[in-house]
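Chemist: Knowing the structure of chain A, use the given hints to seat chain Z on it.
Protein chains in written order, with my numbering: chain A, 1065 to 1702; chain Z, 1065 to 1702.
Mixed in with the good hints there might be a few duds.
As the list claims (entries may be wrong) - Straight line, CA to CA, 20 Å or less: simulated PhoX-like cross-link-like pairs of lysine-lysine: (1) A:Lys1662 - Z:Lys1253; (2) A:Lys1253 - Z:Lys1253; (3) A:Lys1633 - Z:Lys1701; (4) Z:Lys1559 - A:Lys1070; (5) Z:Lys1359 - Z:Lys1372; (6) Z:Lys1070 - A:Lys1559.
Bear in mind the hints are in silico, worked out from the structure with no lab data behind them.
Small disclaimer: the values here were computed from a predicted structure and weren't measured.
Given next are the chains, with one letter for each unit.
Number of protein chains: 2
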Amino acid sequence: MIEKAKSGHPGLPIDAAPMAYVLWEKLMNFNPKDPQWLNRDRFVLSAGHGSALLYSLLYFNQYHVSIDDIKQFRQLGSLTPGHPEYGHTEGVDATTGPLAQGLGMAVGMAIAERHLANLYNRPSYKIIDHYTYALVGDGDLMEGLSHEALNIAGDKKLGKLIVLYDSNDISLDGPLSLSTEENVEERVKAAGWDYSYVKDGNDLEALEAAIKSAKRTDQPSFIEVKTIIGYGTPLAGTNKVHGAAMGPENVEKTRENYGWDLAPFEFSQDIYDIYDNYVNLKSVNYSDWKDLFDKYSYEYPAEAGQLKAKKLDTKSIETSYKPGNEIATRVASSELLQQIADKNPQFWGGAADLSSSNKTYLTDDGDFTDENPSGRNIFFGVREFGMGAAVNGINLHGGSRAFGSTFFVFSDYMKAAIRLAAIQHLPSIFIYSHDSLAVGEDGPTHEPIEQLVGLRAIPNVNVIRPADANETVAAWKVIGDTTDKPNILVTSRQKLPVLKETLNAPVDKGGYILSDSNSTTPDGILIASGSEVHLALEAQDKLNEQNFDVRVVSMPSIELFNRQSQDYKDSVLPPDVEHRVAIEMGTSFVWSQFTGLKGAIIGVDRFGASGKGPQVVDSYGFNTENIVKTFKKLWNKF
Amino acid sequence: MIEKAKSGHPGLPIDAAPMAYVLWEKLMNFNPKDPQWLNRDRFVLSAGHGSALLYSLLYFNQYHVSIDDIKQFRQLGSLTPGHPEYGHTEGVDATTGPLAQGLGMAVGMAIAERHLANLYNRPSYKIIDHYTYALVGDGDLMEGLSHEALNIAGDKKLGKLIVLYDSNDISLDGPLSLSTEENVEERVKAAGWDYSYVKDGNDLEALEAAIKSAKRTDQPSFIEVKTIIGYGTPLAGTNKVHGAAMGPENVEKTRENYGWDLAPFEFSQDIYDIYDNYVNLKSVNYSDWKDLFDKYSYEYPAEAGQLKAKKLDTKSIETSYKPGNEIATRVASSELLQQIADKNPQFWGGAADLSSSNKTYLTDDGDFTDENPSGRNIFFGVREFGMGAAVNGINLHGGSRAFGSTFFVFSDYMKAAIRLAAIQHLPSIFIYSHDSLAVGEDGPTHEPIEQLVGLRAIPNVNVIRPADANETVAAWKVIGDTTDKPNILVTSRQKLPVLKETLNAPVDKGGYILSDSNSTTPDGILIASGSEVHLALEAQDKLNEQNFDVRVVSMPSIELFNRQSQDYKDSVLPPDVEHRVAIEMGTSFVWSQFTGLKGAIIGVDRFGASGKGPQVVDSYGFNTENIVKTFKKLWNKF
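Pulled out of the complex, with its shape left as it was, chain A reads as follows (with noise of 0.2 Å):
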């Protein structure tokens, strides 16, 4: 298929076939009829580029994925696209391509097997109890991530994580020697892993045992298996065999070395029998498990109901905070989790570390530990984008809902797994605290600037950055509520004032009126998120005694704003109100797409400084002066 798609990387497939097959065939629980059956084992082809092996594994094992879908691979609109992508394709537990990122979203799979399997089977219902594999290659080993993940995994001791690692000593410029001289083992061992050796990867005794040796083990294990890229074709144990076709006559050549003579595409009846013989006996597991669950639904119906739960039950929550206080956006939050929390037993999570900065640590629910599984506190340690990957992992693997949380300007270390959210429709939570440069003391290094920007600006996810505290219990019923894409929780460090006018704020559309003018046409609109929205009503009122009838315009989330109906977003932002201001600490170009040409931002286009938080904000311009003054100027501009 790679060939006639004149791309891809047929390495990987071939020298990791045999231990797929062992896997896949011999070992691995799973029903092409209910492709996201709960307890199936998981496999996650960490290394995607040789994504022409698992749509030949989906093939045979009669997944939705027909030999005219194999033959337009790489293809517009096909269902076997350069990368395995989930949701588009049955049977692909994760998309993968970005290295090591099917790793870490691994070591999120098993970690929710653990829990979940602690939390919820019951005597005589072992009704989560499977495998997660990762198929690895070197690249992935080399990412940073694969350190975080690894770690993450031998912490937590997650004996049912297996990895394959597809040792063929080539990466795409050539000899892995050009840039490494680790000692995998060693280092796998070093982080808690139990490692075992595979000398021939074509032995396919030699890889059954070593999986099954793997699967009694109470660590992670790992299992080097040492391959030669692209065995059996004349480019073998090269890297022109890593990321391009081969070209006809090798093919042809090694067609030849296999033995192989029928047409392309084409295979024997026997080949197909021996495929449906493996599914067949597969199903008879699949079939017990459903009669099993059927029964404990019945059971435990409250159980069941949480297993397969896609939003998170916020209805009952009716917290609201009364205006004149002031509490910081990351304490409401921290209350907000615990009552979530309370009344969802299937929402968990953790911190990069930070859980006592960040508040989002659970109190009454325990830490996740190897002596603890059900334990809901998960300690991620440093490793932000380990902690990303995962918490995706954990999503993807169903049965709860995960959140992740560190210091906003640390969302970039994990930015690439945020992206991997967003591609999977995954509702992953990331929860950031310390949003702006009202961080202060600790300085540029730590004070977020560009990226709000940046998160606004991946597809397919929501940007949420409340006023104040009843803007985040608002927040919270849009997280709740969110099935399809990961959402991106902004919140200050420092105390905030609760504002009169967000009792119940719409925060779901985004942007609403806050503050409106007096007449029904304003002079002027000011728009502002998060902790200056409160600037924007104290300006409001000093243009007010100045004659300035303005309205004030809260915009917690542009990407809900711009899903608005088009009438709704006029009735917000009226198209022939030109004067307008819109305030926040941050890059300040991504406004324009409200302010217009005409218009003014007052945001942060340099890094911040180190000081005391309020003189840091001050010293930027983010006061009520300065925005009555930036008002004024347009003003007096048209």
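Modeler: Frame of chain A, contents of chain Z only:
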């Protein structure tokens, strides 16, 4: 000072003081009068939250940090910000705080030392010969970046890199055992490092012996120093002393424990005398080197000039490309790279295992390896973030100018390093090929969408996306002349027509009139960057046939354009011409700053797809017909 600021991290500065003392006073070469001395030993406080320790060292070692500066710790405008800032406080060798990046930059500094020593030292002229030290904490080592950095250093056998690990078993959220059980010794050995252990972090003799022994190995050295966080304080050994001021009572007890009875910020004269003595001793080495370098400059003026060069010599490059030809900008960039490398021996760099795809291999210049340290191609392996930090470290070191390259979409993995280049005003060069949907078959995980916007949002960077080969030439001239910010060059995988309008294009102005309207005041403006520019030109022709007289503006760099005078900007984009269409294969909202509320943007606000590049591009609306249609629709609106 932490107590006075009522904010900061007291734990590490106290427990790591002995090792810092031994290192700075007994072993390191530096001169406070010439803080940027090329051959000084480098010291990177990777655990940047321990800045109080570094400022104390700078103060006692006669750097430009006074006792008043010390008293202003973490205050706005002070020389002693919350985290150490390169370029802000003399004697700070790198801006640190975002964890593990200090370690990554130290690796880059050691790469630079190794390379420059081999390239520039001459018989009797050992002008480059120094050590690089980094002090790391537990947090640094948990970060994935530490894995990449350790392995790059191990692979390149950077024998003059010495890392001191403040092993205090505590991180912000509590004891380290909450989140890690890694065997650090095994781990660093697996990465090819020499390892030693100092069991008592207060044992000055053991510390000195360990560092001296580390200096003698051919491998990079890792010294684990067991310490008790906040040693001597009532909170010693707990996370309470990690990240917050201790409070007056605890400070009082600590003072008692240490038998310290002077007032805060007061020291007896004998302490000053001891440090004066150290500094005087060091000045001898400095003078000797200075004499040597003067002679070297006389004997090898070209080499001395290269070591001191701030800009790259691009003046003599007269490459131009013939209109009508087709060439990918990654290929054009490659041709420029070779030429710049020829003319600038101090110019070098590498790729994250994609040099053959990025086209950034310097064909005549050998590989940087243990055996050939003067080679100029660095194989970083699949370690994008490690590469970014190392490139920053090389450029921080001085004496050479380095670039790093990978696929544009993987800029995500190293975003935090780009930010740190920008904060530090480093002229790091990041070359990203495969810049858009045109990547094609590899699909959504490999097709950049939001990356252009995300990187443009960072303060103090140039993002340059040339329209064709000739704009690429001009882009390299901008890059060569830049001394105070990173440049991000974004190139196409696919061939692009060489335009007849781009010869000597003013890319330094960021945006310019590529093809003007016939009349003085155009009917409208088409603004595009990169591979969309030639589509805009074709659309201009088509629109002309239909009697719409539009101007085409090429905008390879929004940042450079925004730095021009208002007059220039208005001459390119006259304020009264409101029929504007921007065309770029990336998140659309960044163009609102030029199209305003009335204009239109043809952008990409969803993820890409796997298929043949031209098909994907076309199906997302990037074709002449859609531009023409969009302009006419806009024309009919107002």
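Chemist: Run every hint past the structure and note whether it holds.
Modeler: Hints, verified against the model:
1. A:Lys1662 - Z:Lys1253: Given that 20 Å is the threshold and the Cα spacing comes to 61 Å, the pair is violated.
2. A:Lys1253 - Z:Lys1253: 12 Å, holds
3. A:Lys1633 - Z:Lys1701: Between Lys1633 of chain A and Lys1701 of chain Z the Cα gap is close to 18 Å, so the pair holds against 20 Å.
4. Z:Lys1559 - A:Lys1070: 18 Å, holds
5. Z:Lys1359 - Z:Lys1372: 15 Å, holds
6. Z:Lys1070 - A:Lys1559: Since the Cα atoms of Lys1070 of chain Z and Lys1559 of chain A sit roughly 18 Å apart, the hinted pair holds (cutoff 20 Å).
Checked against the numbered hints given earlier, this structure breaks only hint 1.
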